[in-house]
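Participant: One letter stands for each residue in the lines below.
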Amino acid sequence: MTATVGNVEPLRGRNGAMGQRVRLRVWRGSGDEGELRDYEVEAEEGEVVLDLLHRLQATHCPDLAVRWNCKAGKCGSCSAEVNGRPRLTCMTRMSLFDPEETVTVTPMRTFPVIKDLVCDVSYNYVKAREVPGFTPPAGVEPGQYRMWQRDVERSQEFRKCIECFLCQDTCHVIRDHEENKEAFSGPRFLMRVAELEMHPLDDYDGDRAEEARGEHGLGLCNITKCCTEVCPEHIRITDNALIPLKERLADRRYDPIPWLFRRRG
Amino acid sequence: MAETERHDYDVVVVGAGGAGLRAAIEARERGMRTAVLCKSLFGKAHTVMAEGGIAAAMGNVNAGDDWRVHFRDTMRGGKFLNNWRMAELHALEAPQRVWELETYGALFDRTPDGRVSQRNFGGHEYPRLAHVGDRTGLELIRTLQQRIVSLQQRDHAEHGDYEAGLRVFAEFTVTDLLREGDRMAGVVGYWRESGRFAVLRAPAVVLATGGIGKSFKVTSNSWEYTGDGHALALRAGARLINMEFVQFHPTGMVWPPSVKGILVTESVRGDGGVLRDAHGRRFMFDYVPEVFKESYADSPEEADRWYTDPDRNRRPPELLPRDEVARAINNEVKEGRGSPHGGVYLDVASRLSTEEILRRLPSMHHQFKELADVDITAQSMEVGPTCHYVMGGVEVDPDSAASAVPGLFAAGEVAGGMHGSNRLGGNSLSDLLVFGRRAGIGAAEYVVGLVRRPEVSAGEVDEAVHTALEPFDAAGVRGGENPYALHAELQQVMNRLVGIIRDGGEMCSALEQLTEIRQRAVRMTVPEGNRQFNPGWHLALDVRNMLLVSECVAAAALRRTESRGGHTREDHPRMDPNWRNRLLSCVLRGGELELSEQPQEPMRPDLMRLFSREELEKYFTAEELGVLGEPSRKR
Ligand SMILES: Cc1cc2nc3c(=O)[nH]c(=O)nc-3n(C[C@H](O)[C@H](O)[C@H](O)COP(=O)(O)OP(=O)(O)OC[C@H]3O[C@@H](n4cnc5c(N)ncnc54)[C@H](O)[C@@H]3O)c2cc1C
Ligand code: SF4
Ligand code: SF4
Ligand code: FES
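One line per chain: the protein sequences are A and B, in this order.
Residue numbers for the first sequence follow the numbering used here, so the first one is 1 and each next one is one higher.
Residue numbers for the second sequence follow the numbering used here, so the first one is 1 and each next one is one higher.
No lab work stands behind these hints, which were simulated from the structure alone.
A hint or two may mislead.
Cross-link-like lysine-lysine pairs, in silico, DSS-like; alpha carbons within 27 Å at most [said to hold, decoys possible]:
id, chain 1, residue 1, chain 2, residue 2
1, A, K160, B, K293
2, A, K225, A, K160
3, A, K181, A, K246
4, B, K293, B, K334
5, B, K293, B, K618
6, A, K225, B, K369
FRET-style restraints, in silico, Cβ to Cβ [what the hints assert, rightly or not]:
id, chain 1, residue 1, chain 2, residue 2, range
7, B, A488, A, Q144, 44 to 54 Å
8, A, S95, B, E301, 39 to 49 Å
9, A, D203, B, E528, 52 to 62 Å
Don't be surprised by glycine CBs; every beta carbon is placed ideally from N, CA and C.
Bound conformation, chain B alone:
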């Protein structure tokens, strides 16, 4: 392609959600010429949808909180499969990242003494989530967006050009990463508006592309979540870990059909909402697993006392980590105690005054009223599990966010490790800021240390463009496949066979069906229209990524013969300590997926000692506990 538009940058950030924007801010502040690329308009990334809050152990509401408690909660939530160094950095740095947002102009809800207010959430021992009503993600993304604008204003004052040092490429989709040898050299992608291609040459690329939920039929995720970053990383030679761990949020809307999957924030439960079966019974008391018995109430009376006296009562089981609650709801419905539309009831109306509900959960009120004709101040909501978040992602160095490919970094939902087998609510927004910033630093330091900038090869660009345009060449060819239809099939397969409860036989069948879809996907055509803003073409490109990523999920889920966090096997229902320190990783070799096991790095003993031996014994093998010395030494 002779006439491809070209740009030169130091750092290219793919993704303009919380992670990408924070990375870009950091890279720019360190003097890098930086570009931020995103598929939607600026300010519309998925982060905007986050509702409940951002977890940070500031201790504003309960002074007992500190990073160690947050670290412990995060590890427990992830069933100790987390990359402990990431969990440590995350817990340590989250408060500074929240306070920094205030210096950018963010306005969080306040405590009576004027500090940032914090709310309860599943799996968090203390009220820990900084929030703005139930629109925290909007505040986060707008604040970062406005910070980017401030930096551009600074450049404008100095150079007369807003985009001299930091430019946003909105509605620009990256289709391939470019390399020289094994190093990053840039990216290639197309403008959605015109369908024209552009190459951005840059020695450092930060992936911040978010998740993969659009591979599932029932999901809280938007069209952007097609696993592009995961697939780009694989194709560039990076490694994905933990792909079997997919979080199904317990409370998505179930009715009407067109909104099925849309999220009902966990804040509803954090602020007092409870789950009931068709007979009005609070069923979560039946589902407190052994490992959590010590910290969760066993009667409604105790659970209700906890809201006002958390020191002398245990937490309500509605606030168990998400995997537990999702499985419980699934089981209630399976055993015939569900609501008319196949969910259970979430009741906040009988628990909070109308005024409180309107103040704390305004957007949930609005959402149900407008979309389901349900007034949540008077009626229960019908809810059920929805595919929400992927714990798996690009394997990175915890401190610098660097992947195995020199010059390629990853942060946010696209990175793997931090959340282990299950993410706690609120821990994503904090993750975005902590590791977005670190990726910005990592990329900047990498660029400064370079002796020579890698070159983009014309051949590689031509090939990438050619591949991306294939669906047009196939137009009119007999037996052409419709991308919308293939996508729907893929979603069915993943939802039915690799969903919330899994089984070996079903996953084998899923893998077969994915292979079959993949073969047909080669013949995908753009049914109509040209390159200008053509969603049919866009989807054809996205489906390829979804197929690759879905195969990773299914293959890893088949291999892991235990149940842990976001991975539940009906045929292997137990959690197995011998699987805790083994990670499954995916690489692409010669176009084929290769799945292998790799050992998890042993946890630092000082971090181990933050837990009681009794607790660790539930997760670790006797051999692993050996580092702690004599069994009598507890903490």
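Chain A extracted, bound-state conformation:
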């Protein structure tokens, strides 16, 4: 047999090398019906919560529904709540927990459950569609765009967003207030407005900051910063996106002239 690097077998728990049994409590069920179920599963050194969910699928419950893609914190698919805290399951190491502790995994609370850990996140896609897109500057040909690194950096920070929707999940404005979903787009999409507002070449002829207030419910945000705390990309959502948007609005209100002009859009 040809020796290749890829051939080295990962150490399996049952070899006794480094495996240990851990207790998981996982939400099982669909729609409004379901329950927390307890499982015992092998864990190996270095594993993350998602690894254990996969092992559960392969050994205990083949129909356990979870979303994932990259397993490296890049796609934002595997969001759930681990011991009540919104997290990417693929980036949550088991070593974070006490070996004796039962680790509880539940679906994001802010969105309706479809099955097990999979939620209906369509709210986010609806909100995304309500933010008018980038408007290219008239008269600038493709290839002629000139922007300075220091100017693009502000929006680039927001474009690191992997759309895991954990900030949406955690924001108290909608977490336990279904009724606010209509008026409030959540930190992710308020930040999208800020990103476009700060894009050096956006030629949009409406007033993005005003739309953040009027269409997306910026006023409902009372800058608790919970969204920033859970963001796996460490984007400073509140300080760098939400507060500056609020400030822009406040500035404008003291200055009636641009305000009048902007009304036309």
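Following the hints, complete the assembly by docking chain B with the ligands onto the known chain A.
Facilitator: Only chain B with the ligands this time, still in chain A's reference frame:
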């Protein structure tokens, strides 16, 4: 199935990665009612994971770059097996495709004079990869996603309906392509959420389903990469070419076990990182092959000077094409100079300041810190080869992306030819945009030219649905096979026997084992649960595709008795010019795979003349070089 949901479209795009989204944008802009289908949520396709950048000869950092240089690098990287027309179109059009992304709102990193910045990468002569830190794929997919939303907003303003002209079917898996006679008539698939089936009738279908990496145990690829598009195309009568060429990326994580295979971007090397053995030695200098001796440094001193003075020094050998670097690492480990967990060391800590590392490689820093407890600003990474990309795919017309089946198009990783025997880093993202757009045009023009729309036959739909539900019928039957277990076996076989270094005997045994698994796969059952979001069932369907595609890879790899690019034979270690112009192609006849050889179209003489005769002599037969005339005429 009487109650199957039905839709009508002009163009159906299967896949919402870079290729699919770009195709959909183009088709919509040409007035087509378009649907985009994907297995995951919108914006999560594999493209999101691309890190290093997108290759385009814009010449922003080194003005010496132009499409000819890019074309030459691409052909060299693919060891001249590439479809040269695709490589030409790709090199010519990539810059426009990158600039176009800026008009959609993309924000690439900038040069000091405000243009799109470009970085070095393996096999590219000049700094050529447009990038955003090490999250370029995220920028690409988000930009295209947002462009789709903009188009939907336009439709909303006009028709009061966001989805009037362009709709995304997320978490919808296509199980079969439908035909009338030999033409495309639509697709059938199921909603993951409910397990219910739907038929989309459409005269044109664009496959943009990505790759096949999940057939291998150690891979950088996600669960989506089960070769669905490859298998769908085969079953619909299209031809796959170059399936023996599978790229093993040299640097995947090797520890801890649960992250084995996850990619470590080539930008680490592009930006100065070097490979070392267990004794700290930079071993790549020992592995510069004859064909590349002229352009790669033979000492660390020269290699280090290249970063600041690329005109008077040769490139560091860490930046050789991926196949070369992967084989070198494999050999170091085999000869006992590897790291504790069976890899080698990738060191950027001693080469760049902490600040630079954090700025240029933020997500690598994060990835290692979170997943391996390694701080890459202070410690070396342990890395080893991982299955990354398939060069083989649906044979298409280079200009229109049309397959041999009327109405069926393919673009992106699922299409074959462009990258020859080995793809250069950064050339995939550009490929997605160039050929995604062309597939959109091809599909739109095909639809406009139609006299009559093909009909979907109810019988064919029923049969497809019936087949897809078989794993449920088998539930509870004795001797039922567990899809998770079969999948694991398949991955072992491919990794062990059809992996980075291959051997005739091993591949024969692989083919036997695949046949055996295939026989057992007929008895796959859904072990538990109903049709609602049931990963066990989904996997059972995916395993069938993986088996078919794996058989193509193994059969073609056994037939090609030479080593070239992503195909290395221990029993045939040489590259053979007589194999360069022969492609291996797979078709399905009566349910059985048929492998045949077909000649490669000779390269246009004006493109041949972009290379020196000395260089061409390393790849081409004397007879082929005859078109260039007298040996004295070099360029
Ligand atoms: C970790 C990593 C890093 C990379 N970095 C780079 C880089 O820096 N530069 C570069 O050029 N390349 C890079 N690549 C390669 C590149 O990212 C991929 O080749 C490319 O993104 C493939 O794009 P695609 O559009 O063909 O398919 P994908 O983006 O994979 O999309 C495939 C789509 O098809 C859908 N699909 C598949 N099957 C079905 C089905 N049956 N029914 C419905 N939908 C289906 C999927 O859901 C998905 O939406 C990298 C790859 C990896 C894995
Ligand atoms: S800062 Fe605002 S958006 Fe963020 S969690 Fe608090 S209220 Fe919600
Ligand atoms: S801002 Fe952060 S938490 Fe919110 S969706 Fe984006 S990545 Fe997730
Ligand atoms: S699987 Fe992609 S972020 Fe977790």
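Participant: Hints first: check each against the structure and report whether it holds.
Facilitator: Verification of the supplied hints:
no. : hint                          : in the structure
1   : A:K160 <-> B:K293             : 40 Å, violated
2   : A:K225 <-> A:K160             : 18 Å, holds
3   : A:K181 <-> A:K246             : 20 Å, holds
4   : B:K293 <-> B:K334             : 24 Å, holds
5   : B:K293 <-> B:K618             : 12 Å, holds
6   : A:K225 <-> B:K369             : 25 Å, holds
7   : B:A488 <-> A:Q144: 44 to 54 Å : 53 Å, holds
8   : A:S95 <-> B:E301: 39 to 49 Å  : 43 Å, holds
9   : A:D203 <-> B:E528: 52 to 62 Å : 55 Å, holds
When held up to the earlier numbered hints, the structure conflicts with hint 1 and nothing else.
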